[in-house]
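Trainee: Each chain is listed here by its residues.
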Amino acid sequence: MTSRPAQIAAALLAGVLFGFGLALSGMLDPARVQGFLDIFGNWDPSLAFVLGGAVVVAFAGVTLSKRMRRPVLDTQFHLPSNNRIDARLIAGSAIFGLGWGLAGFCPGPAVASLSLGLWQTMLFVAAMLAGMMVHDRAYRTQRAPAHRPA
Amino acid sequence: MSAYLSSLAGGMLIGLSAAILLVLNGRIAGISGIVGRLAQGANISVNLAFVLGLVAGPVLFLALFGSWPQVTITVGWPLIILAGLLVGFGTRMGSGCTSGHGVLGLARLSPRSFVAVLSFLTAGVLAVTLLRGMGL
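Listed in order, the protein sequences are those of chains A and B.
Everything in the first sequence is counted per my numbering, starting at 481 for the first residue and increasing by one.
Everything in the second sequence is counted per my numbering, starting at 23 for the first residue and increasing by one.
Calculated directly from the structure, the hints in this document are not laboratory data.
We put the beta carbon where it would ideally sit given N, CA and C, even for glycine.
It cannot be assumed that every hint is accurate.
To be verified - Derived DEER-like restraints, expressed as beta-carbon distance ranges:
| id | chain 1 | residue 1 | chain 2 | residue 2 | range |
| --- | --- | --- | --- | --- | --- |
| 1 | B | Pro100 | A | Asp566 | 29 to 35 Å |
| 2 | A | Ile565 | B | Ala61 | 35 to 41 Å |
| 3 | B | Ser24 | A | Arg564 | 37 to 43 Å |
| 4 | A | Met602 | B | Leu27 | 41 to 47 Å |
| 5 | A | Gln556 | B | Gly155 | 47 to 53 Å |
| 6 | A | Arg620 | B | Leu152 | 27 to 33 Å |
| 7 | A | Ile519 | B | Gly157 | 17 to 23 Å |
What the hints assert, rightly or not - Quick look at which bits of chain B chain A covers, simulated, 3 or more residues with Cβ under 8 Å:
| id | region |
| --- | --- |
| 8 | 85-94 |
| 9 | 106-112 |
Whenever a hint applies, use it, and build me the whole structure from the sequences.
Mentor: This is the structure we're talking about:
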């Protein structure tokens, strides 16, 4: 079965579970996220349980998926094939981590907490989208230089 | 419910969401990737459904518990803009964030994601330590 409406319904269900899980876990609270990262100060380790719980359950899903020839609602799995560990991966993740620590928001909680209508999360999400566009523009020109006369 | 228990329960729901998206749709629940592809106009209906569900999650929390989840923001707008730019740029450059690399990458035992998680956790600790050093 590869019905588009079923895929949409599955994505909606997964999104609601993800957003509710974030809300329940405390990850929506930037002060707690910063407390989790404040290992040299007043460290709050509770958010480690979010990642721990998520990885264990996701691992069960990954194990199940490996026994399937294709996902239930599509003809093939769409998984990342890149396994290079390079400067882009390390530098990009470090840049992300700096931003994560400075405001206490990563992409999931920032988008999920838009429903609270706070100007700070709206501003953060707008800046995040701008940051994505800046990267894509810079990367495109870097990867595909204009033809130069020899 | 104690903070540890609700964190664990919330984390398990996030893992369940990732498992559902993988087993049913064959996709990785990486938020920066999904939001980025939506912004680029790729696979709009499915990605939009996920993002709308994500935004609806806290509303379900409100309906069940009678109050919004706690969101305490202590930094001002210049730092919010800077942080947002860094998060957007960095997640594109590193191809993922706390969900794609953190949850799915670790669950898939991807060495690439282990390195990414180590890198963003280290940088996050550095950023908070710097903020605290400046009295913020």
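Trainee: Does each hint hold? Answer for all of them.
Mentor: Verification of the supplied hints:
1. Pro100/B x Asp566/A: 29 to 35 Å: holds, 32 Å
2. Ile565/A x Ala61/B: 35 to 41 Å: About 27 Å separates the Cβ atoms of Ile565/A and Ala61/B, which means 35 to 41 Å is violated.
3. Ser24/B x Arg564/A: 37 to 43 Å: At 41 Å between Cβs, range holds.
4. Met602/A x Leu27/B: 41 to 47 Å: Distance hint for Met602/A, Leu27/B is violated at roughly 31 Å.
5. Gln556/A x Gly155/B: 47 to 53 Å: For Gly155/B against Gln556/A, whose Cβ atoms are near 49 Å apart, the range 47 to 53 Å holds.
6. Arg620/A x Leu152/B: 27 to 33 Å: holds, 32 Å
7. Ile519/A x Gly157/B: 17 to 23 Å: Given about 18 Å between the Cβ atoms, the range holds.
8. 85-94: Holds: 5 residues of the region 85-94 of chain B have a Cβ under 8 Å from chain A.
9. 106-112: holds (count 7)
The earlier numbered hints that this structure contradicts are 2 and 4.
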